[in-house]
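Asker: Sequence:
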Amino acid sequence: PSSPACGGHCEVSMPGPTFLDPRPGLELVDIVGGCPVSTRRFPWQVSLRFYNMGRRLWEHVCGGSLIHPQWVLTAAHCVEGELEACAFRVQVGQLRLYEDDQLAKVAEIVRHPKYNESLSVSGGGDIALLRLEVPMALSEQVHPVILPAASLRVSSRKRCWVTGWGNIKDYTPLPEPYHLQEVEVPIVGSQECDRKYQNMSFPDISERVIKEDMLCAGSRGRDSCEGDSGGPLVCLWNCTWIQVGVVSWGHSCGHADLPGVYTRVTSYVSWIHHHTPWGWVGGFREIIAECRWHSESTGPPECHQDPNHGVYRRELIVQFTKGQSRGKWHRIYPTDEEKDWNILVDTFNHIFG
1 PSSPACGGHC EVSMPGPTFL DPRPGLELVD IVGGCPVSTR RFPWQVSLRF YNMGRRLWEH
61 VCGGSLIHPQ WVLTAAHCVE GELEACAFRV QVGQLRLYED DQLAKVAEIV RHPKYNESLS
121 VSGGGDIALL RLEVPMALSE QVHPVILPAA SLRVSSRKRC WVTGWGNIKD YTPLPEPYHL
181 QEVEVPIVGS QECDRKYQNM SFPDISERVI KEDMLCAGSR GRDSCEGDSG GPLVCLWNCT
241 WIQVGVVSWG HSCGHADLPG VYTRVTSYVS WIHHHTPWGW VGGFREIIAE CRWHSESTGP
301 PECHQDPNHG VYRRELIVQF TKGQSRGKWH RIYPTDEEKD WNILVDTFNH IFG
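The opening position of the sequence shown corresponds to residue 1 in UniProt numbering, with each subsequent residue numbered one higher.
Among the hints, erroneous ones may be present.
FRET-style restraints, in silico, Cβ to Cβ [claimed, not checked]: (1) His-273 with Pro-177: 10 to 20 Å; (2) Asp-101 with Pro-135: 33 to 43 Å; (3) Ala-85 with Ser-118: 21 to 31 Å; (4) Gly-123 with Tyr-171: 25 to 35 Å; (5) Glu-192 with Lys-114: 16 to 26 Å; (6) Arg-56 with Arg-195: 14 to 24 Å; (7) Ala-137 with Pro-177: 16 to 26 Å.
Please keep in mind that the hints were generated in silico from the structure rather than gathered at the bench. Even for Gly, the Cβ is constructed at its ideal location relative to N, Cα and C.
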């Protein structure tokens, strides 16, 4: 079927995740009913590749997100097993798979120690970092996404977006030209999500299905299907895209009332910062953790939209209770004086005024 009209907002659909070797009842799921992504809308989207000997092709197996010029965030189950880093490649800044591939080599895989391969995604900890051999050159097509502060709370029914190259329905892969899809999804509360899975999927299990490090998103009557996990779930706060989830798992393809399940990024912010260079802001990654919006501001930051619905410029008033900026990357340093700044940023939160 043809894609829905995408003049304003995409149709809401349930996202979902993937398994390289699905277990019973847990399927490879991704995006159904999505819209083709417009240029420069999600420049952090990553395609994780594994070499297919039969096709002689670095084949897309999972999604991911660029969080630093040299680091990619993905799902642990995408890189589980004994495979070494050299078995994978990464493509960033591409809307259509296999079109002008410029693959980056992976130098290191860091899986979260909580992830248990025998339990797979059901045990939690489904998150991993990939260090690239060479930092990516940043541009309008390639740029890191912003990560949340660990204290950020994602409210139920908040509208967020998930992106990927997954199937468009049961046993129907995304057709050529394999254009990246996006779909808007509402956040589903953890208790409600757990109840849905308990009632419909695991009636004999007394313990929680949805763990504390999991986040649910999706809409009743919409669907997901086989595709790729590890991709980002992002939400808009104050005109800024922030990644709150990593596509992890779901239950079957075509289930009307079960949301997709994501690894909750806020549960792993400290772990991510431990392994990645803290000095990189990448668009307020440190600032978000260290500042708050000025309480005396005349209103929310002004958002300017381009024809493809992307934010391209805004003005912020930020109050630092402790902090000042120095140098090219505006790192935060302790200071005893409070300071208010008016800051202008572009689409990717580069400070330019």
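Asker: Is 25 to 35 Å right for how far apart the beta carbons of Gly-123 and Tyr-171 are?
Answerer: 29 Å, holds
Asker: Could you say whether the range 10 to 20 Å given as a hint is met by the Cβ separation of His-273 and Pro-177?
Answerer: 37 Å, violated
Asker: Using the Cβ atoms, figure out if Ala-85 sits within 21 to 31 Å of Ser-118.
Answerer: Given about 22 Å between the Cβ atoms, the range holds.
Asker: Given a hinted range of 16 to 26 Å, is it respected by the beta-carbon distance of Glu-192 and Lys-114?
Answerer: 24 Å, holds
Asker: Honestly, do Ala-137 and Pro-177 meet the 16 to 26 Å range at C-beta?
Answerer: This hint holds: roughly 24 Å between Cβ atoms.
Asker: Could one say that the CB atoms of Asp-101 and Pro-135 fall in the range 33 to 43 Å?
Answerer: 19 Å, violated
Asker: Within 14 to 24 Å or not, the Cβ separation of Arg-56 and Arg-195?
Answerer: 47 Å, violated
Taken one by one, the earlier hints fail for this structure at numbers 1, 2, 6, listed in ascending order.
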